[in-house]
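Novice: Sequence:
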Amino acid sequence: MPRHAQQPILVNKRTPLRPATQATDLYVSRGQPARSIVPVVNRGVKLLVEDQFESITVHGLGAAIPVALRTALTIQAKLHHQATLCPTTTTVTLFDDCHQDQRQQQRRSSSTATAPTASVDSAFNTTTESHNDDEFVTCTRNNSAIHIVISLTQAARAKLTA
Numbered sequence: 001m002p003r004h005a006q007q008p009i010l011v012n013k014r015t016p017l018r019p020a021t022q023a024t025d026l027y028v029s030r031g032q033p034a035r036s037i038v039p040v041v042n043r044g045v046k047l048l049v050e051d052q053f054e055s056i057t058v059h060g061l062g063a064a065i066p067v068a069l070r071t072a073l074t075i076q077a078k079l080h081h082q083a084t085l086c087p088t089t090t091t092v093t094l095f096d097d098c099h100q101d102q103r104q105q106q107r108r109s110s111s112t113a114t115a116p117t118a119s120v121d122s123a124f125n126t127t128t129e130s131h132n133d134d135e136f137v138t139c140t141r142n143n144s145a146i147h148i149v150i151s152l153t154q155a156a157r158a159k160l161t162a
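So that you can map any letter, position 70 of the sequence shown is 70 in the UniProt record's numbering, and since no number is skipped, the others follow by simple counting.
FYI, nobody ran anything at the bench for these hints, they're computed from the structure.
Just to be clear, a hint being listed does not mean it is correct.
[Stated by the list, open to error] DSS-like, lysine-lysine: derived pairs with alpha carbons at most 25 Å apart:
(1) Lys159 / Lys78
(2) Lys46 / Lys78
(3) Lys46 / Lys159
[Said to hold, decoys possible] If you anchor each label on the Cβ, the simulated ranges turn out as follows:
(4) Pro33 / His99: 28 to 36 Å
(5) Thr89 / Gly31: 20 to 28 Å
(6) Cys86 / Asn142: 17 to 25 Å
(7) Arg18 / Leu85: 17 to 25 Å
(8) Glu50 / Thr140: 37 to 45 Å
(9) Arg157 / Val11: 31 to 39 Å
(10) Ala155 / Pro16: 32 to 40 Å
(11) Asn42 / His147: 18 to 26 Å
(12) Ala158 / Lys13: 44 to 52 Å
(13) Asp25 / Ala77: 15 to 23 Å
(14) Ala77 / Asp51: 15 to 23 Å
(15) Pro87 / Lys159: 21 to 29 Å
(16) Gln154 / Leu17: 32 to 40 Å
Quick reminder that beta carbons are idealized off the backbone N, C-alpha and C, glycines included.
Start from the sequences and build out the full structure, keeping to the hints where you can.
Specialist: Here you go:
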């Protein structure tokens with residue numbers, strides 16, 4: 001029997017850690033349909049054209065990578081392809097709270113001869129803390145991320161400053 005089938009573990013995914021947000025950072029999520037990226041696109045164009053920032057960065061994590069790509073390409077199209085895109089992919093370590101109820105485990109162990117263990121699927125790195133009847137485990141996992149730096153071309157920047 002697989003190890004993860006012996007002990008049900010509830011995983012609570014924490015919000016990803018990210019550095020201090022700057023005015024030029026645009027974060028997108030996977031829950032954004034095509035029409036809801038319009039405000040993000042408009043903000044990006046405004047930052048580059050009206051506020052004249054050197055560059056902006058569109059960030060996407062995991063399933064939001066296609067949304068980040070679509071957002072960056074839409075910004076480039078709105079600027080009539082007078083913007084350059086410089087994508088960078090990274091792997092981000094995410095932390096999750098795994099929770100296992102010891103009472104469920106004790107009920108199971110009373111019906112079987114084996115003692116309960118505190119193991120978690122080998123795909124996770126874990127740290128265990130025990131509190132009363134509950135066992136809390138901090139799990140780590142990796143996820144892909146993309147950061148797309150968008151900047152105006154020299155010709156477009158010269159037109160804005162003239």
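Novice: All hints are to be evaluated individually against the structure, with a verdict given for each.
Specialist: Status of each hint after checking the structure:
no.: 1; hint: Lys159 / Lys78; result: 16 Å, holds
no.: 2; hint: Lys46 / Lys78; result: 11 Å, holds
no.: 3; hint: Lys46 / Lys159; result: 16 Å, holds
no.: 4; hint: Pro33 / His99: 28 to 36 Å; result: 32 Å, holds
no.: 5; hint: Thr89 / Gly31: 20 to 28 Å; result: 21 Å, holds
no.: 6; hint: Cys86 / Asn142: 17 to 25 Å; result: 23 Å, holds
no.: 7; hint: Arg18 / Leu85: 17 to 25 Å; result: 21 Å, holds
no.: 8; hint: Glu50 / Thr140: 37 to 45 Å; result: 41 Å, holds
no.: 9; hint: Arg157 / Val11: 31 to 39 Å; result: 47 Å, violated
no.: 10; hint: Ala155 / Pro16: 32 to 40 Å; result: 37 Å, holds
no.: 11; hint: Asn42 / His147: 18 to 26 Å; result: 20 Å, holds
no.: 12; hint: Ala158 / Lys13: 44 to 52 Å; result: 46 Å, holds
no.: 13; hint: Asp25 / Ala77: 15 to 23 Å; result: 21 Å, holds
no.: 14; hint: Ala77 / Asp51: 15 to 23 Å; result: 20 Å, holds
no.: 15; hint: Pro87 / Lys159: 21 to 29 Å; result: 25 Å, holds
no.: 16; hint: Gln154 / Leu17: 32 to 40 Å; result: 36 Å, holds
Figure legend: structure checked against the earlier numbered hints; the only hint not met is number 9.
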